[in-house]
Amino acid sequence: MVVVKDGGSRLKRHLEIIGIIAKEIIKPDTITIEYPKEERVYDNIRGYVVFDYRKCIGCLKCARICPANAITVKSVKSRFYPSIDYGKCIFCHFCIDVCPTNALENSRIHDLVFDSHEIVLNPDERIVYDVKRKEVRFEG
Numbered sequence: 029m030v031v032v033k034d035g036g037s038r039l040k041r042h043l044e045i046i047g048i049i050a051k052e053i054i055k056p057d058t059i060t061i062e063y064p065k066e067e068r069v070y071d072n073i074r075g076y077v078v079f080d081y082r083k084c085i086g087c088l089k090c091a092r093i094c095p096a097n098a099i100t101v102k103s104v105k106s107r108f109y110p111s112i113d114y115g116k117c118i119f120c121h122f123c124i125d126v127c128p129t130n131a132l133e134n135s136r137i138h139d140l141v142f143d144s145h146e147i148v149l150n151p152d153e154r155i156v157y158d159v160k161r162k163e164v165r166f167e168g
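For the sequence shown, the numbering used here assigns the number 29 to the initial residue and increments by one for each residue that follows.
Keep in mind that the hints were calculated from the coordinates and are not lab data.
Just so you know, even glycine gets a beta-carbon here, dropped at the ideal spot from N, CA and C.
Please note: incorrect hints may appear among the correct ones.
Unchecked claim - Simulated restraints, written as ranges between beta carbons of each label pair:
1) Phe-119 with Ile-54: 31 to 41 Å
2) Gly-115 with Leu-39: 30 to 40 Å
3) Arg-92 with His-42: 48 to 58 Å
4) Asp-57 with Lys-83: 42 to 52 Å
5) Arg-68 with Leu-39: 34 to 44 Å
6) Val-104 with Pro-128: 18 to 28 Å
Please work from the sequences and hints to get the whole structure.
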């Protein structure tokens with residue numbers, strides 16, 4: 029069986045596409061920006077998870093709920109704390125939702141670059157964002 033396509037409808041689709049392209053050239057309606065020259069500010073963003081070990085009670089609900097297995101348990105001074113592996117984290121924030129003491133919180137930091145795949149935030153460390161330098165570092 030041979031199927032013959034209508035040439036008129038094909039031409040019509042091509043003309044529609046050319047019209048869309050012309051419209052984009054004259055007045056762009058894209059969401060692309062020139063990063064890092066331009067930065068978009070979003071209201072609600074799932075950034076890196078920040079851990080405050082002083083609030084943690086050691087229930088480890090966060091480690092049990094993590095679907096990516098990015099949270100492991102570390103023993104520090106005979107207490108158990110979560111340790112977050114950012115190489116595995118998928119930023120679902122289930123850990124933040126389940127934390128009863130708000131020891132895990134959302135940050136607005138979303139564009140970190142690391143020189144290694146071994147990116148682990150230990151219980152005695154924290155992420156610090158230097159606004160002046162636009163730089164992120166681990167302190168602890």
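Against the structure, test the hints numbered earlier, and report the numbers of the ones violated in rising order. Violated hint (a single one): 2; every other hint is consistent with the structure.
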